[in-house]
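Can you make the complete structure from the sequences, with help from the hints?
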Amino acid sequence: MTADVSSAAAEFARRQQSPLQRIQHQLHGRPWLSPLFLLFVTFVAFFIATPTFLTANSMGILLQQTAVVAALAVGQTLVILTAGIDLSVGAVMVLSMMVMATLTKDGGMPGVLGLLIGVALAVGAGAINGLLVTRINLPPFIVTLGTLSIFTAIALLYSGGESIQQEHLPGLLNALGNDFGIGKFRLTWGIVVVIAIYAVMSFVLSQTAWGRYVYAVGDDAESARLSGVPSKRILLAVYTVAGLVYGIAAWILIGRAGAATPNAAPTANLDSITAVVIGGTSLFGGRGRLIGTLIGALIVQTFDFGLSQMGVNQQWRVLATGLLVIIAVAIDQWIRRVKA
Amino acid sequence: MSASDLEVAYGGVPAGKEDVYSKQPVLSARKLVITFGRVVGLDGVDLDLYPGEVLAVIGDNGAGKSTLIKCLTGAYVPDSGEITMSGQPVHFKKPQDAREAGIETVYQQLAVIPALDIASNLYLAREERRKGPLGSVLRMLDKKGMERRAGDAVQNLGIQTIQNMGQAVETLSGGQRQAVAVARAAAFGSKVVVLDEPTAALGVKESGMVLDMVKQLRDKGQSIILISHNMPHVWEVADRIHIQRLGGRAGVITPQTHDMGEGVAIMTGATKLSQDSAA
Ligand SMILES: Nc1ncnc2c1ncn2[C@@H]1O[C@H](COP(=O)(O)OP(=O)(O)OP(=O)(O)O)[C@@H](O)[C@H]1O
Ligand SMILES: [Mg+2]
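Chains A and B supply the protein sequences, listed in that same order.
Using numbering that gives the first Met the number 0, you'd call the opening residue of the first sequence number 0 and step up by one each time.
Using numbering that gives the first Met the number 0, you'd call the opening residue of the second sequence number 0 and step up by one each time.
Bear in mind the hints are in silico, worked out from the structure with no lab data behind them.
For every residue, glycine included, the Cβ atom is placed at its ideal position computed from N, Cα and C.
It is possible that some hints are incorrect.
A few chain B residues facing chain A, derived, Cβ under 7 Å [to be verified]:
#, residue
1, V32
2, R98
3, A100
4, Y106
5, A114
6, L123
7, S135
8, V136
9, M139
Here it is, written out as structure tokens:
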């Protein structure tokens, strides 16, 4: 409808708004603004609290720490967009990592081969999740709860519970931990890989038919099927692609941690889900954007990193992350409630 | 087939259309049965749809109208029975199979995706890619082009209140959503268009437009199955009327041979359509 200057609606549009309402409006129109806003607030808060926070050195470390969770959160976003959830994120990554490391330990196998087998295994693990969801029609929560235990146990049994240190591994497996400088920043190749994953998947989700189907299946699976979307094939592909991403995350993690450890990344599952949710993706599926997840991952890590710089111990950091999720989602709900 | 055989099998043959009804049906079903656990959805239904006709399907709530067209369009796979298109047996496993065979459907629950915009819904599962390597290699969608053509399709339907093709379907009114679903089925020039209560949520003017569209599609030679509870609409546009009752076909009549009262009486079981009185 065209705005009629004298109409009641036009009158309403010109009404006085409180500054808070105006912010609410702005955020509603641009959903990615709210996590960005939260990230900004977090930065300012920590900058005031600890002067060393906003140095090139700290920022480099922050990005390096974010890389693994940010990578995992890509897979998690895909799954959550289809109205699912993946609790086996960390387990698949660790299993893949232990297989890569054990196979190539002390020159047992060329690095390339070990890497490929490890990644292929993660793809297979994702496909198993996908097959259980699509063929046996089990809820994703149950499927990945089960495979979480199974993959964790296999990783422990296979590795004998032993860590494998960097020195015993081929250069290729450690390569993503190598860094280079841009000005005063020190970035790792792992960060570059993560940025590439985000670029590729954002493109796929927003520019291709496959991306549209992911949203359609997550929003209303039955309508998508009736419209001719191959729902089951899309779901299977989503879990499989997620597995691929976890495999790449395993490679990044070896470089980052300087070792392959069977009990690495204990908070990977929750951190990845937190990043997705803070990033504005709906747990009910069909709504959300990958860029939000990247910002979400940065928020989670900034929080943790900033608190640790302030000397806050681990338990309190976990507690703070819990609060962060609840507050972030509450703010998100408030923004969605906006009228017109 | 003699003329009297035709009349028994297909209801009355509209005057001047004898040649059409001696041809092969474009879509035909024999003895369709589908059960849901202990509920019998269809109990041996026959249906014939001829080229260039509007076949209305009427029946009480729960008579099996939606179930019937879901079996014809791949949304359900019948337990037994056979479906043919122009004489060739077909076995649709999923809605996409039926669509590829030339059947477009507006389901009663509309099957639109609320979070996607109008253009994305119109082109769902038949997206068009950009020209050149962007489309062929990178598989990039031609969003602009699809949006423009979606706008044309909605305009053709005469729904003026929908203007922005980038609007999410969830923000549309119920009737506008229905119009989007109808536009999606009509826009792609299929052989058969199936409409399950397409005017249920529409205003008087919009209903009239959908009926006009149905006539236009018929004039272009497409065949239409129209499910409706609105008897005046049915008697206005239908060439023949398939009456569905208790999971079976109670008979086929035409607006010329039976009036609405008689049609409703058959539908509710008050009168039976005997073989001789079928015409
Ligand atoms: N998926 C299903 N599961 C169980 N029963 C079903 C299913 N689909 C349809 N039925 C049953 O089949 C019968 C016919 O339903 P159908 O939806 O075809 O009726 P209809 O003629 O379209 O009615 P209406 O006019 O209300 O749309 C009903 O008894 C219904 O309960
Ligand atoms: Mg129905």
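Hint check results:
Look at B/V32: its Cβ only gets to about 22 Å from chain A, farther than 7 Å, so that hint breaks. About 5 Å separates the beta-carbon of B/R98 from the nearest beta-carbon of chain A, less than 7 Å, and the hint is met. Proximity of B/A100 to chain A is violated relative to the hint, the smallest CB-CB distance being about 12 Å (cut-off 7 Å). Hint status for B/Y106 relative to chain A: holds, with the closest Cβ pair at about 5 Å, below 7 Å.
A hinted interface residue such as B/A114 counts as satisfied when its beta carbon comes closer than 7 Å to some beta carbon of chain A; here the least separation is about 4 Å, so the hint holds. Proximity of B/L123 to chain A holds as hinted, the smallest CB-CB distance being about 5 Å (cut-off 7 Å). About 12 Å separates the beta-carbon of B/S135 from the nearest beta-carbon of chain A, more than 7 Å, and the hint is not met. For B/V136, the interface hint is violated, since its Cβ never comes within 7 Å of a Cβ in chain A; the closest pair sits about 12 Å apart.
Interface restraint check: B/M139 against chain A, minimum CB-CB distance 5 Å, threshold 7 Å, status holds.
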